[in-house]
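Assemble the complex: chain B is given as a structure, and chain H must be docked to it using the hints.
As you go down the protein sequences, you meet chains B and H in turn.
By the count of the UniProt record's numbering, the first sequence reaches residue 338 at its end, each step adding exactly one.
By the count of the UniProt record's numbering, the second sequence reaches residue 338 at its end, each step adding exactly one.
Just so you know, these hints were derived from the structure itself, not from any lab.
These figures come from a predicted structure and were not determined experimentally.
All residues carry an ideal CB built from backbone N, CA and C; glycine is no exception.
A hint or two may mislead.
What the hints assert, rightly or not - With the Cβ distance kept under 10 Å, some of the chain B side facing chain H (calculated, not the full set):
no., residue
1, GLN170
2, ARG189
3, ARG295
As the list claims (entries may be wrong) - The following label-pair restraints were derived from C-beta to C-beta distances:
no., chain 1, residue 1, chain 2, residue 2, range
4, H, ALA187, B, ARG92, 30 to 38 Å
5, H, SER171, B, ASP188, 32 to 40 Å
6, B, GLU93, H, SER155, 23 to 31 Å
7, H, THR308, B, GLN243, 17 to 25 Å
8, H, PHE207, B, TYR166, 38 to 46 Å
9, H, SER258, B, GLY336, 20 to 28 Å
10, H, THR308, B, GLY336, 34 to 42 Å
11, B, ALA97, H, LYS212, 37 to 45 Å
12, H, ARG333, B, PRO197, 39 to 47 Å
13, H, THR308, B, LYS212, 41 to 49 Å
14, B, ASN111, H, SER273, 31 to 39 Å
15, B, ASN111, H, ASP215, 25 to 33 Å
Stated by the list, open to error - Each computed DSS-like pair below joins lysine-lysine, with the alpha-carbon atoms no more than 27 Å apart:
no., chain 1, residue 1, chain 2, residue 2
16, H, LYS184, B, LYS55
17, B, LYS212, B, LYS184
18, B, LYS71, H, LYS101
2 protein chains.
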Amino acid sequence: MADTKKRSLDSDNGTESGPEKKLASGDGAGKDTKKPTADPGSEAGSVLAGFQTEKIMRESSREKNIFIHGKMGSGPNEGRDAVLILEKTPFREDSLAELFKTSELKLQMRNDIYSTYHLHPPTHLNDIKATMVCPATEKHIKKYQSQELFLIQESGEDYRNITLPYIQEQSFSVQWVYNILEKKAEADRIVFEDPDPQNGFVLIPDFKWDQKQLDDLYLIAICHQREIKSLRDLTREHLPLLQNIQQQGQEAIMKRYSVPSCRLRVYLHYQPSYYHLHVHFTVLGYEAPGCGVERAHLLSDVIQNLQTDTQHYHTRTLTYPLRADDALLHKLREAGRF
Amino acid sequence: MADTKKRSLDSDNGTESGPEKKLASGDGAGKDTKKPTADPGSEAGSVLAGFQTEKIMRESSREKNIFIHGKMGSGPNEGRDAVLILEKTPFREDSLAELFKTSELKLQMRNDIYSTYHLHPPTHLNDIKATMVCPATEKHIKKYQSQELFLIQESGEDYRNITLPYIQEQSFSVQWVYNILEKKAEADRIVFEDPDPQNGFVLIPDFKWDQKQLDDLYLIAICHQREIKSLRDLTREHLPLLQNIQQQGQEAIMKRYSVPSCRLRVYLHYQPSYYHLHVHFTVLGYEAPGCGVERAHLLSDVIQNLQTDTQHYHTRTLTYPLRADDALLHKLREAGRF
Numbered sequence: 001m002a003d004t005k006k007r008s009l010d011s012d013n014g015t016e017s018g019p020e021k022k023l024a025s026g027d028g029a030g031k032d033t034k035k036p037t038a039d040p041g042s043e044a045g046s047v048l049a050g051f052q053t054e055k056i057m058r059e060s061s062r063e064k065n066i067f068i069h070g071k072m073g074s075g076p077n078e079g080r081d082a083v084l085i086l087e088k089t090p091f092r093e094d095s096l097a098e099l100f101k102t103s104e105l106k107l108q109m110r111n112d113i114y115s116t117y118h119l120h121p122p123t124h125l126n127d128i129k130a131t132m133v134c135p136a137t138e139k140h141i142k143k144y145q146s147q148e149l150f151l152i153q154e155s156g157e158d159y160r161n162i163t164l165p166y167i168q169e170q171s172f173s174v175q176w177v178y179n180i181l182e183k184k185a186e187a188d189r190i191v192f193e194d195p196d197p198q199n200g201f202v203l204i205p206d207f208k209w210d211q212k213q214l215d216d217l218y219l220i221a222i223c224h225q226r227e228i229k230s231l232r233d234l235t236r237e238h239l240p241l242l243q244n245i246q247q248q249g250q251e252a253i254m255k256r257y258s259v260p261s262c263r264l265r266v267y268l269h270y271q272p273s274y275y276h277l278h279v280h281f282t283v284l285g286y287e288a289p290g291c292g293v294e295r296a297h298l299l300s301d302v303i304q305n306l307q308t309d310t311q312h313y314h315t316r317t318l319t320y321p322l323r324a325d326d327a328l329l330h331k332l333r334e335a336g337r338f
Numbered sequence: 001m002a003d004t005k006k007r008s009l010d011s012d013n014g015t016e017s018g019p020e021k022k023l024a025s026g027d028g029a030g031k032d033t034k035k036p037t038a039d040p041g042s043e044a045g046s047v048l049a050g051f052q053t054e055k056i057m058r059e060s061s062r063e064k065n066i067f068i069h070g071k072m073g074s075g076p077n078e079g080r081d082a083v084l085i086l087e088k089t090p091f092r093e094d095s096l097a098e099l100f101k102t103s104e105l106k107l108q109m110r111n112d113i114y115s116t117y118h119l120h121p122p123t124h125l126n127d128i129k130a131t132m133v134c135p136a137t138e139k140h141i142k143k144y145q146s147q148e149l150f151l152i153q154e155s156g157e158d159y160r161n162i163t164l165p166y167i168q169e170q171s172f173s174v175q176w177v178y179n180i181l182e183k184k185a186e187a188d189r190i191v192f193e194d195p196d197p198q199n200g201f202v203l204i205p206d207f208k209w210d211q212k213q214l215d216d217l218y219l220i221a222i223c224h225q226r227e228i229k230s231l232r233d234l235t236r237e238h239l240p241l242l243q244n245i246q247q248q249g250q251e252a253i254m255k256r257y258s259v260p261s262c263r264l265r266v267y268l269h270y271q272p273s274y275y276h277l278h279v280h281f282t283v284l285g286y287e288a289p290g291c292g293v294e295r296a297h298l299l300s301d302v303i304q305n306l307q308t309d310t311q312h313y314h315t316r317t318l319t320y321p322l323r324a325d326d327a328l329l330h331k332l333r334e335a336g337r338f
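In isolation and in its complexed conformation, chain B is listed as follows:
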């Protein structure tokens, strides 16, 4: 049963909570080849009306989001499993004045110079971002269930003996990545492209960023080369690719968003959420999910490491977190490596 394509839809932390999230896909295999459609808003109004919550899989009071497993109501997917992710949206500076003028306010508590209120803004100033995965397989659902984390120390040998065979055996689908690279989906979201098949890449906003404000700026560079699974595959021959992504990615972000390179955190994940090389660009000061030292690797360090030793990522013991239910964790445990 091959599958699990992972994508960054949620914004929690932890391991799989990387900037990207893991989304299993493969089981509903027929879906992978389906052409993406965009019929803005047509079916929208009714999609959620009959949605039946089965289980709250995860929620964060800090981040104001919630992950729900449920069944679709009437419509083409009626009765099918779905994962629904809701997240409150950040405040927008440009609508504050209107917010102050038009919101209802209710005093809750007052003490000396401190008071607290409930503010009820008009609907259009306070929307919620909703992400739907439908039909969702059991793997999708499992992936979103919150789980304990374990830190792995993976030697180069562990990678070749355990992790690599596991990745190959799963043959994770990255069809959605190819859809982007081939402009079959999300073409209008592309911020920059260098079409060179060797060193080129597509720069695209991460799903978690709604592009309305810069303080949670988050883009992903996806390389055109299809043979690089992760950090572990990199050698000195990839330096031109990596340097190109760093250089042109930063320039494109400066050009489009006026955010200079000294404000950007540029890094890779290991383990990545999907096994097609990609690089994360997030703005400094934004604690993006997955930017912790236990999972992120600064691109500038990766470049220096390869300049020093082309075998660095083949031989080095790498540390990363895995969720308790991750199949790779079980493989490592079976092999007595955890």
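Structure of chain H alone, referenced to chain B:
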């Protein structure tokens, strides 16, 4: 009165942001225009109407909050300085069904099994928590002001020419560290000590951790050697010290708190907050401040780097963030390195 005491109003570390009990606002669903009636807060409706934003002091897209400095409109405090903190509220499980039924939904994007929407809920299902400090003194205002961050690329030469002279010239006091090592202060807080003058250290809970629960566990190992300022001073000769801190630190935490090493993130900071070598132990899953890839260095990586090259931290370009008001940033700028 003025600035007598500080009060914790923000929810930076999720400390104060528990799921808040919401008052069911009795006004009719979807009635944006209804005026709040005189109740506990009779002046409520007008408090914000004339509020003039002076400055956005801080905002977090992740936590969906914003800190605003402004002046009050009409009312008893007209024209006075105020700090207004707005924060979106967490989702409530008990109102999800109503949310699905009554919200407007607008399709934004669709690709394969993934789609995203804007959800417009009725006002009463989506309120905002507002906290007001008024009149606010300059200290209040300064307290909430965030500083811009800049990412520095410091070569080994930059360190020797700019950073090291700066550290020496400032002669930062670490007397409080010596007080701990000599048991002149906080002796009762020590969790573990290896008294060896070369490889020994003291393990002590970080001030940010109140030790009441394990999910934000945070301890610091402070070495007895006094000549190691930071990562930059480390060579292969320090390997026994580093390995000792890793090994015995993890064992002590297992013994005292029953948290195994595979649940611990063990790392150094560069730049550190004080120039006496120390190592951070935080629990996985807790996004401790400063555990981001731009500032943290896993101890296991530091050890491997030194095993490979004793000069690693003397020669390597290191990346780290500095606040706009940091004196070191000005030194680097003067030297044309930023």
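Hints, one by one, checked against the model:
1. With a cut of 10 Å, the hint placing B:GLN170 at the interface with chain H is violated, because the nearest CB-to-CB distance is about 18 Å.
2. At its closest, the beta carbon of B:ARG189 sits 8 Å from a beta carbon of chain H; the interface hint therefore holds under the 10 Å criterion.
3. Below 10 Å, beta-carbon pairs count as interface contacts, and B:ARG295 has one with chain H at about 8 Å; its hint therefore holds.
4. At about 51 Å, the CB distance of H:ALA187 to B:ARG92 disagrees with the hint of 30 to 38 Å.
5. Range check, H:SER171 to B:ASP188: Cβ separation about 57 Å, and the 32 to 40 Å hint is violated.
6. At roughly 37 Å, the beta-carbon separation of B:GLU93 and H:SER155 lies outside the given 23 to 31 Å, and the hint is violated.
7. Our hint of 17 to 25 Å for H:THR308 and B:GLN243 holds, since their Cβ atoms are close to 23 Å apart.
8. A hinted range of 38 to 46 Å for the beta carbons of H:PHE207 and B:TYR166 is consistent with their spacing of about 42 Å.
9. Range check, H:SER258 to B:GLY336: about 23 Å between beta-carbon atoms, so the 20 to 28 Å window is met.
10. Take H:THR308 and B:GLY336: their Cβ atoms lie about 26 Å apart, and the range 34 to 42 Å is violated.
11. Distance hint for B:ALA97 and H:LYS212: a CB-CB separation of about 42 Å, consistent with the stated range 37 to 45 Å.
12. Restraint check, H:ARG333 to B:PRO197: a C-beta distance of roughly 41 Å satisfies the suggested window 39 to 47 Å.
13. In this structure, H:THR308 and B:LYS212 meet the distance hint of 41 to 49 Å, their C-beta atoms being roughly 45 Å apart.
14. A hinted range of 31 to 39 Å holds for the C-beta pair B:ASN111 and H:SER273, which are about 34 Å apart.
15. Hint check: B:ASN111 to H:ASP215, Cβ distance near 30 Å, so the stated range 25 to 33 Å holds.
16. This hinted pair does not check out: H:LYS184 and B:LYS55 have alpha carbons roughly 54 Å apart, beyond 27 Å.
17. Only pairs whose Cα atoms come within 27 Å are accepted, and B:LYS212 paired with B:LYS184 is accepted, the gap being roughly 25 Å.
18. Only pairs whose Cα atoms come within 27 Å are accepted, and B:LYS71 paired with H:LYS101 is accepted, the gap being roughly 14 Å.
Hints 1, 4, 5, 6, 10, 16, counting from the list given before, are not met by this structure.
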